[in-house]
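K.L.:
Sequence:
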Amino acid sequence: MSTTQQLQSSGMLSREQLIYLFDRFGYLTSLPDVKKRIADAVSDNQEAVAVTTAIQEEIFLEMGIDPGFGISCLGKVNSSYKTDQDLMIQFYKFVAKEEIACDEAELGPDEFAERMHDQQKLHEQQLEMLKYMRKFHLDDQSKILEKLQQQLEESNFDNAASILSHDQIQEVVHKGVSPLFSPR
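Going by the numbering used here, the residue at position 61 of the sequence shown is 61; the numbering climbs one at a time, nothing skipped.
To be clear, the hints were calculated from the coordinates, so they are not data collected in a lab. Beta carbons are placed, not taken as given, at the ideal position from N, Cα and C, and that holds for glycine. Any given hint could be a false lead.
[Said to hold, decoys possible] No more than 30 Å apart at the CA atoms, straight line, and that leaves these computed lysine-lysine pairs for DSS-like:
# : residue 1 : residue 2
1 : K143      : K82
2 : K131      : K93
3 : K76       : K35
[Said to hold, decoys possible] Distance ranges between label pairs, derived from CB positions:
#  : residue 1 : residue 2 : range
4  : E16       : S43       : 31 to 41 Å
5  : H166      : K35       : 34 to 44 Å
6  : H166      : G11       : 44 to 54 Å
7  : K93       : L130      : 18 to 28 Å
8  : L127      : Q170      : 11 to 21 Å
9  : E62       : H137      : 46 to 56 Å
10 : F136      : L31       : 43 to 53 Å
11 : Q170      : F69       : 49 to 59 Å
12 : Q85       : Q149      : 18 to 28 Å
13 : A113      : L7        : 31 to 41 Å
14 : Q170      : P32       : 27 to 37 Å
Using the sequences and the hints, build the whole thing.
P.N.:
Okay, structure coming up:
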């Protein structure tokens, strides 16, 4: 890119530009030297997210986009592309990749591996719960999801609250009562 070329600094990033950013960021943050760069910053008492943001800014420069403008566009993806389900899924994957890159640097290899294992177990339990829920009528599924939402809100969205046991689901369906109700 020539130094006289103007950087894009207005409008909104296109779908293609966003997909390029998401893919490039995912690739870069999977490289050992980039992982080390983030971990070294954490060791130097810097925020991991500051490094991942700097990486995004570098990608924007590669793309001919003003980095500050590019970062501000990321904050508008939800509103600008809310009807583009595929792009929104890719956006949330991008956000998750950034969180994972930060967690890996902040936690270290052993604790990070343990967290990933715990996340995998949680996802398996959630999938099992969803498969079990599908056996019920749609109205009952709605009751179950309402109970799950209530449970998550009451626990301030603790991951452990994202699961209902088969017994809890049965109780919600058959009695229509909260399976976790306990007098205070």
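K.L.:
Run every hint past the structure and note whether it holds.
P.N.:
Okay, the hints, checked on the actual structure:
1. K143 to K82: Given that 30 Å is the threshold and the Cα spacing comes to 27 Å, the pair holds.
2. K131 to K93: holds (23 Å)
3. K76 to K35: holds (27 Å)
4. E16 to S43: 31 to 41 Å: Holds - the Cβ-Cβ distance for E16 and S43, about 37 Å, lies within 31 to 41 Å.
5. H166 to K35: 34 to 44 Å: holds (40 Å)
6. H166 to G11: 44 to 54 Å: Distance hint for H166, G11 holds at roughly 51 Å.
7. K93 to L130: 18 to 28 Å: holds (20 Å)
8. L127 to Q170: 11 to 21 Å: Given about 19 Å between the Cβ atoms, the range holds.
9. E62 to H137: 46 to 56 Å: holds (53 Å)
10. F136 to L31: 43 to 53 Å: With a Cβ separation near 46 Å, F136 and L31 satisfy 43 to 53 Å, so the hint holds.
11. Q170 to F69: 49 to 59 Å: holds (53 Å)
12. Q85 to Q149: 18 to 28 Å: holds (21 Å)
13. A113 to L7: 31 to 41 Å: holds (40 Å)
14. Q170 to P32: 27 to 37 Å: violated (48 Å)
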